[in-house]
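Asks: Here the protein sequences line up with chains A and B, keeping their order.
Each residue of the first sequence is one higher than the one before, starting from 1 at the first, in the numbering used here.
Each residue of the second sequence is one higher than the one before, starting from 1 at the first, in the numbering used here.
Derived lysine-lysine pairs resembling DSS-like cross-links, with alpha carbons at most 27 angstroms apart:
| id | chain 1 | residue 1 | chain 2 | residue 2 |
| --- | --- | --- | --- | --- |
| 1 | A | Lys2 | B | Lys335 |
| 2 | B | Lys335 | B | Lys324 |
| 3 | B | Lys157 | B | Lys7 |
| 4 | B | Lys494 | A | Lys15 |
| 5 | B | Lys157 | A | Lys161 |
| 6 | A | Lys80 | A | Lys211 |
| 7 | B | Lys496 | A | Lys86 |
| 8 | A | Lys2 | B | Lys494 |
| 9 | B | Lys32 | A | Lys112 |
| 10 | B | Lys496 | A | Lys12 |
| 11 | A | Lys15 | B | Lys496 |
| 12 | A | Lys2 | A | Lys86 |
| 13 | A | Lys124 | B | Lys129 |
| 14 | B | Lys335 | A | Lys86 |
| 15 | B | Lys335 | A | Lys211 |
| 16 | B | Lys313 | B | Lys335 |
| 17 | B | Lys343 | B | Lys281 |
| 18 | B | Lys157 | A | Lys112 |
| 19 | B | Lys313 | A | Lys211 |
Keep in mind that the hints were calculated from the coordinates and are not lab data.
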Amino acid sequence: MKLRIQRYDPDKDSKPYFQDYDVPMGPADRMLLDALIRIKTVDDSLALRRSCREGVCGSDAMNINGKNGLACTTRIVDLKEPVVLKPLPGLPIIRDLIVDMTQFFAQYHSIKPYLVNDTPPPEKERPQSPAQREELDGLYECILCACCSTACPSFWWNPDKFVGPAGLLQAYRFIADSRDHATNERLDDLEDPYRLFRCHTIMNCVDVCPKGLNPTLAIGRIKELLVRRAI
Amino acid sequence: MAIPVRKFDAVIVGAGGSGMRASLELAHAGLKVAVLSKVFPTRSHTVAAQGGVGAALGNMGEDSWLWHMYDTIKGSDYLGDQDAIEFMCRMAPEVVIELEHFGMPFDRNENGTIYQRPFGGHSANFGEKPVQRSSCAADRTGHAMLHTLYQRNVLMKTQFFVEWMALDLIRDSEGNVLGVTALEMETGEVVIFHARATLFATGGAGRIYSSSTNAFINTGDGLGMAARAGIPLEDMEFWQFHPTGVAGAGVLITEGVRGEGGYLLNKNGERFMERYAPTMKDLASRDVVSRAMATEIKEGRGVGEHGDHLLLKLDHLGLETIDKRLPGIREIAMKFANVDPVKEPIPVVPTVHYQMGGIPTNYHGEVLTPSGKVPGFYAAGECGCASIHGANRLGTNSLTDLLVMGKSSGQSMVEFLRTAGRHRDLPAGAADASLARINRLDTQTGGEEVHDVRGEMQRTMQAHCGVFRFPDLLTEGVEKIRAVAERAKRTRIKDKSRVFNTARVEALELDNLVEAARATMVSANARQESRGAHDRADFHSRDDVNWLKHSLWYREGDRLDYKPVNLKALTVETFPPKARVY
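Required output: the full structure, derived from the provided sequences and hints.
Replies: Structural data, given as structure tokens:
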């Protein structure tokens with residue numbers, strides 16, 4: 001299998017460059033991550049993050065033939081060779097395929113990603129109907145891999161001011177939760193030309209999400225709530 | 001060489017479920033805590049748990065913590081300590097409800113309560129019939145739980161050190177634990193975390209085997225660090241083979257599939273579990289199901305070209321149930337097995353999944369050796385051994401364990417810190433051992449490739465210490481694993497960069513893996529009985545006269561010691577060992 005991988009080690013390189021690899025694949029190799037693990041047995045200097053290898057931890061997001069995705073759930077047979085791999089776009093590169101995700105997590109933290117409910121906790125669970133719980137489907141499954149936010153031109157231009165699709169999806173996850181009591185505060189926080197309204201429904205986020213989630217839809221719902229609140 | 005020292009009241013190594021549950025207790029008490037993790041917290045392996053968390057909430061019908069306790073003891077094949085098991089089962093409802101209050105998106109019943117599904121080995125009325133005890137968020141319970149715990153820690157302003165790998169435990173001459181050395185992966189810097197109390201919540205070492213449901217990061221770092229610091233490892237011969245890993249890929253398919261009504265088939269289309277476990281059938285405990293599967297394969301009733309796997313049928317559950325209760329499974333089956341379970345069965349095989357043993361503790365999470373408590377040292381979650389799971393863990397009890405033990409360890413640390421006084425002085429050369437390990441890798445030129453040594457270890461464990469264990473293979477396995485451990489001392493890496501050097505991290509992880517592998521093989525070779533997940537071809541039965549005791553393995557000289565099982569529960573009568581039938 002032929003790959004072209006962007007390399008950069010600040011310890012020795014002045015700028016990123018591409019390196020070509022041609023690795024023989026084994027019979028059990030199915031996913032792009034399998035190929036990268038094979039490369040590491042011949043070139044241990046290739047740096048990437050990986051952990052669960054089943055698409056649930058969100059570690060191995062990267063730019064694969066021009067599109068963001070997870071190496072562990074991207075099938076080799078679906079890839080055109082040479083497979084061109086780059087780190088996620090728009091974030092500072094630490095080394096090779098590893099990016100600095102500080103900004104991405106800062107935006108996630110900025111939406112207060114936790115349940116707010118100041119009523120005294122009951123002895124049992126806070127009741128929630130199946131229909132109310134269903135409101136969280138398509139939201140809570142986010143794995144924070146950053147494929148979406150780093151595919152979003154609005155996030156590239158204003159990563160410090162625009163929350164980005166991943167953060168906004170989680171903002172809506174708490175707004176949509178019948179147990180959360182901070183909807184107004186959450187909406188106040190997002191009613192801002194940058195934080196929410198930099199989303200121009202380009203929908204790259206939907207296109208790349210490895211979990212099939214739809215941040216644009218969630219953003220639309222938040223905008224709707226703001227409009228409804230203003231009337 | 002002077003290396004930076006950072007002082008905290010407490011340091012927690014590992015930001016999975018138990019580490020992040022413990023940190024909440026310390027945060028509530030206003031203590032200064034550092035949580036170190038090799039990966040961003042939500043990438044910890046708790047994220048991969050699927051089927052649910054066990055707690056006798058009784059939302060689906062009558063249930064009681066006493067029944068849960070009985071099931072857990074029986075599941076452990078009577079090797080579990082009954083005080084710890086009682087503690088966990090009594091505390092389980094409380095910690096699950098707390099998690100709901102933190103925002104966990106549990107599935108719901110029509111009346112608004114948390115939905116619970118049946119699970120392997122969980123029964124009503126002391127084994128009479130299956131019970132619905134597993135509280136879940138579809139088949140993504142671990143993901144939902146880990147994110148919820150992280151979110152709560154964000155609220156509590158916990159200080160995380162993300163992508164820091166702990167290297168070695170620091171003890172003074174009196175044996176007190178004073179923190180850890182750790183490597184910041186991004187910069188290559190080594191720092192001492194000087195703490196008054198230290199918790200290991202580093203998870204299991206499932207990567208000692210070549211076929212494992214575990215993540216790459218599950219390298220038993222806490223076990224390696226403890227063993228190098230002279231602390232024994234308990235019951236390491238007991239490894240759970242999960243019945244349903246995707247054949248060839250190793251990825252987990254939750255027992256929740258069988259909880260929702262799926263079942264296993266052999267090549268004749270026979271639902272063979274009916275023969276092995278007439279009452280619980282496919283919901284017998286995992287060691288029983290995995291052994292039945294291995295027997296089917298061994299006796300020529302396996303499926304596929306090589307007859308090396310079996311089938312998990314769930315299409316009869318219907319599209320609606322599968323999409324609602326098991327959406328993640330459908331995704332995994334389609335990606336990793338090329339089958340849509342709505343139409344076809346999933347090819348599955350028993351796959352290494354969970355380490356029942358670990359660092360010996362009591363149910364407060366205090367590390368306990370035959371010479372007494374190790375002051376300032378705690379362990380929780382999969383790396384600890386309280387021992388709740390004994391010789392075989394029940395499904396859903398890992399998440400229960402990490403919540404209960406995470407919380408209780410955190411509480412014991414708070415208690416200890418109240419009276420522990422100031423930081424004890426670091427011994428001279430506190431970081432020498434860690435720096436020597438790093439320095440060796442930086443300067444070694446010739447030597448062994450890390451992946452070669454790791455591969456040899458994994459193949460050896462797989463071939464010599466599997467579902468069925470044979471005396472000759474075990475004896476030979478001990479020699480092979482010792483040879484692997486010697487080779488691990490001579491590994492070399494070509495990458496010498498300081499920045500995010502993953503080759504160095506993998507070499508350092510190998511140091512920990514080989515300790516877990518040695519502990520496993522040596523303990524397994526010595527235990528002359530079959531109990532729970534440890535099945536010996538030469539000793540077919542459980543032997544309560546000679547072997548109702550915990551193994552303790554010491555790194556120094558591969559020495560073994562034993563300690564009695566605690567059969568005395570906290571408030572209820574002992575459940576005496578009896579024949580185990582499902």
